[in-house]
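Asks: Single-letter residue listing:
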Amino acid sequence: MHLRRCPTYLVPIVLVVAGLAAAQEIALPIALPNAPTSLKFAIIGDSGTGSKSQYAVAEKLIAARRQFPYEFVLMMGDNLYGGSGPKDFQKKFENPYKPLIDSGMKFYATLGNHDNPNEAYYKGWNMKGERYYTFKPKAGVRFFSLDSNYMDQKQLDWLDKALAASGSDWKICFFHHPIYSSGGAHGSNLQLRAQLEPLFLKYGVDAVFAGHEHFYERIKPQKGIYYFTSGGAAKLREGDVGKSELTAKSFDTGYHFMLIELAKDKMHFQAISDQGKTVDSGTLTRFSDADKKKLSTAD
Amino acid sequence: MYETVVREKTTVRSTVSTSAALVLALAIAFPAATRAHKRVNHQAQVIADFKARVDQYVALRKKADDSAPPLKKTEDPRDIREAQQGLVERIGAARSGAKQGDIFTPEISTLFKRLLRPQVHDKGTKAILKEDKPNPETVSFKINGPYPDKQPLVTSPPNILAALPPLPKDLEYRFVDKHLILHDSRANTIIDYIPNAIP
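For the record, the sequence lines run as chains F and X.
My numbering puts the first sequence at residues 1 to 299.
My numbering puts the second sequence at residues 1001 to 1199.
You may find that some hints are simply not true.
With the Cβ distance kept under 10 Å, some of the chain X side facing chain F (calculated, not the full set) [unchecked claim]: (1) Asp1049; (2) Lys1072; (3) Arg1078.
These aren't lab readings, by the way, just hints derived from the structure by calculation.
Glycine is no exception: its CB is placed at the ideal position from the N, C-alpha and C atoms.
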């Protein structure tokens, strides 16, 4: 490939075509059960740079779908860095994920601090024109997307009502800023934790996904809730995961994306690097309501 | 008849003087409480004034919004950009004479600074405000002017949002360095700002 001879405007197209060809050939070490009736989805965080690294991760994400037919992709915010004009959407979303978009893949986004709140009106991200929203892709599973950039009382009241009204077994929240993190540059957002955690515990939230930190981190369960940070689908803060008692597993030497499979009370997860290697994988069991109650009042 | 009127006047006079004496006695006995009560009343008045000014802006924006196709969910990002740009222009035309301090009057600014001061000492707040700050030189601080599209919006710390009066949908408090801006997120424009709102 002679990218140097290519006019600049052709580079994304060349990368997509090259990525498509490569995706046909890539076989990833998928470590998930891939059961026919399970709910399967993928996660990308801090993806909107339009850089080579975004395209490299996108290529693996596209390839993974051939082996693991996930139904939708969650976006953890910072979906568009450095502007939100039509060209930004094209270069930082529509081009890198084109094969997925063309196949009718649904993306559900949350807003990061680099996003223009009007991105919520972009149909491709299924935000319904709202900064925070909820959706239920399957009976028994409900997602809650929050705007952690602006956590005012109005949003907290909405979350309280939305969680209270949800009868789903799996309640999964996702938003940009992690409330548990071992990141050196940012770390846990304690103010957000003080506001959100009581609601998570009150209504038995099971898992929380965030971005913002440009690495991967799986946190040890906190009061019966599983926390993941996945903010390295295009940005990387190498060596930023500090030594912390919170960490169950971390990865900060390469880019990554995640695959998740929910089956009954099990959550199977896998984080895959831009090199196509498994960074972390495993199975977690949803805490029972009785256990959650005990753990939420433990300290 | 005359006697009755005189008796009534005397009763009224005596009630008034008793009340006045009571207020005076309370003011002497509880001067701090009286001062605090006055301060709360004054604060409530200033907040009511702020709310009225914000409501006035919201009504103006609604008019601007109603005069053209609104921002709708779309598959084409160009529609979002055009709707945003159109709204900025209509708002600009509708409040062409607006200037800094129209919403954040000196009195409101003083109150906001007082409300913000204890919040910014929090370690977590300081950390949030430091993260991914926009370059202040890129922000023009022009009333009705755009917030630069390429710059991040600083996350508003939850304790600060809890300390300030709530805002209607699509209006936000945001910080650019030490300055507090009132941001219309749908138009992505600066409505007003308080210079050096935080130390």
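Asks: The structure should be examined with respect to each hint, and the outcome stated for every one.
Replies: Status of the hints after comparison with the structure:
| no. | hint | in the structure |
| --- | --- | --- |
| 1 | Asp1049 | violated (21 Å) |
| 2 | Lys1072 | holds (7 Å) |
| 3 | Arg1078 | holds (5 Å) |
The structure is inconsistent with hint 1 alone, although it conforms to all the rest.
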